[in-house]
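Undergrad: Residue strings, one per chain:
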Amino acid sequence: MTTELVNIQPLYQPVKMSGEMAVFSPEVEAEIDWHLAKYPSKRSAILPIMFIVQRERGYLDGPGVSYLANRLSLRITDIWEVATFYSMLHTKPIGQYHIQVCKTLSCKLLGADKITEQCSQKLGIKPGETTADGKFSLSLVECLGSCGTAPMFQVNFDFHENLTTEKVDQILDSLP
Amino acid sequence: MFIGAIGCEPLQLRRVHLENSHSLDVYRANGGYEALKKALDSMSPDDVINEVKKSQLRGRGGAGFPTGMKWSFVPKDSPKPKYVVCNADESEPGTFKDRYLMERDPHMLIEGMLIAAYALGAKTNYIYTRGEYKYLIDIMDVALDEARAAGLLGQNILGTNFSSEIYTHTGAGAYICGEETALLSSLEGYRGHPRMKPPFPAVSGLYASPTVVNNVETLTAVPDIITMGGEAYQKLGTEKSGGTKLWSVSGHVNRPGVYELPMGYDDMEKFIMEDCGGISNGKQLKAVIPGGSSVYIMRADQIIGKDVRMDYEGLVAGGSMVGSGGFIVMDETVDVFESTKNLTEFYKHESCGWCTPCREGTDWLVKIFKRIENGGGRDGDIQLFLDLCDNIEGKSFCPLGDAAAWPIQSAIKRFPEDFEKHILKN
Ligand SMILES: Cc1cc2nc3c(=O)[nH]c(=O)nc-3n(C[C@H](O)[C@H](O)[C@H](O)COP(=O)(O)O)c2cc1C
Ligand code: SF4
Ligand code: FES
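Line order of the protein sequences matches chains A and B.
With the numbering used here applied, the first sequence corresponds to residues 990 to 1165, in that order.
With the numbering used here applied, the second sequence corresponds to residues 135 to 560, in that order.
Misleading hints may appear alongside valid ones.
Taking CB as the label site, the calculated pair distances span [to be verified]: (1) B/Asn295 - A/Met1010: 41 to 49 Å; (2) B/Asp521 - A/Thr1120: 41 to 49 Å; (3) B/Pro144 - A/Glu1155: 46 to 54 Å; (4) B/Gly288 - A/Lys1081: 35 to 43 Å; (5) A/Arg1064 - B/Pro215: 22 to 30 Å; (6) B/Asn164 - A/Lys1081: 42 to 50 Å; (7) A/Asp1158 - B/Asn415: 41 to 49 Å.
Simulated coverage check for chain B against chain A, where a stretch passes if three residues somewhere in it have a Cβ under 8 Å from a Cβ of chain A [as the list claims (entries may be wrong)]: (8) 225-231; (9) 381-388.
Treat the hints as calculated values from the structure; they're not laboratory data.
Idealized CB from N, CA, C, for every residue including glycine.
Model the full structure from these sequences, guided by the hints.
TA: Right, dumping it as structure tokens:
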């Protein structure tokens, strides 16, 4: 359901291990198997599995991409080709809390610029940046399908709608 | 936010306010899966397609193609598997109706897809949802599990020899993946680049097999068509366009929301000024984009006192299009130059980069907007905009290029003063 307030989970746990190729727990492997089983072609599962790798690794890092190539029997370049096309896939580190302010028309008409400005000030970063401690990233994004409840932002996977200055304060202050 | 019907009994929205409306129990207690039962028990696949034809249902994803006709293009004797794919990408700015259908009545979509799958002989079906709607995928997955456990999905549905599966699939933030052929590329695991048509997906779609791609609202209309019969459904709307239509209303109105109106609702002015509560903060109406960002912008005086009818023909006569029904209202304080710049930035960002006119053209358009905004307007900029749009419209590989040109062309024609003001600033 649309979340009004607030129990936002971090996008991922920081990864400690590194190596040539990522290794996942049996539970995560089972989840990946379930996606592979949905399609007659392995390659179709690339986006769902990328989301899982991204969740587990923080972003699509080298070991994660090697894993994907291996698991899907594709070349590394096939993986990058897809990863760089879609705006929700990250090929660089991203904050644990990703604040994505919608900048498209309906939100703009109802004050999206102010919301961006406020987030920017509070977090001390400009859109497109991540805080030095890696906690927060701020992005401007295109329409998220909440135009009737504009202005809005999405924090990780939670929609926050009908934003006001007070609400933005409350949400950002609540993030651990 | 308002969610409900005006000018008719709620049809597609009739369960959304019930408690636990998303659950199988509530769905079944309110007539759910009766249509599927009826189709499987007493209708042949051709009967189903005929009912949908009679209903005059037109696709609700934007292009308005007659659904029954689309279904009848699927070859009956193909040795290849067939697929029904639900387009739940919903990335058109101003459009947010499909979301509430899936959030509050997911079984209606499952039932609609199963009836379509029965009509077309599809054993595997996908719901392609934009990745940002993760919470909806979770709701859909739970509903699919419920349906599976109840024998409504999977093997031998309702004890018949009809078997069909539905899976959710997540996109990852690309508007172009709402275009049906790009959606199929994405579902196959590639970049979301559109494909040449023909062949149309009905003949060669997913994995080069016959595929029907339909919008969420289109598929959720199907159970009621089967229950009440195609003719009765058609009569809710107009002769050429049956049923009811959802409009997502946003911007400067007192009561934004998802409105279900009979197709052919006869007064756009009344819709804005009364049904949607009028313009917020006591301001005057300036402009409306009635069908999502990809249609022509309308001036207030094209609406006020004009009896614009809200259906495909009516909106074309009024100077715009139904599109996806994303109704964006702007008050007198709005600068149409800025609004158009905002939409052009959207198209530039979302251009998939496959073809030159759209990739380079949208980038160039944004650069001109920025130059003008920074005080660098020149004589001839209006003509430059129009020339560029001419070189994108009709010359790009897919309709996204046209969609980028239309807002500018119509805005310049209908609000020239807003453009001149900026261009003449220096
Ligand atoms: C750039 C572009 C974006 C589109 N986005 C969507 C979308 O988000 N949802 C949708 O249902 N149709 C979208 N469409 C329309 C689809 O291509 C297709 O016509 C539709 O899904 C067919 O379903 P229908 O017949 O039920 O309307 C888009 C088309 C274009 C050209
Ligand atoms: S018109 Fe734009 S979105 Fe469509 S194929 Fe060309 S570059 Fe891609
Ligand atoms: S315009 Fe912001 S959610 Fe649609």
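Undergrad: Which hints, by number, does the structure contradict?
TA: 3, 7
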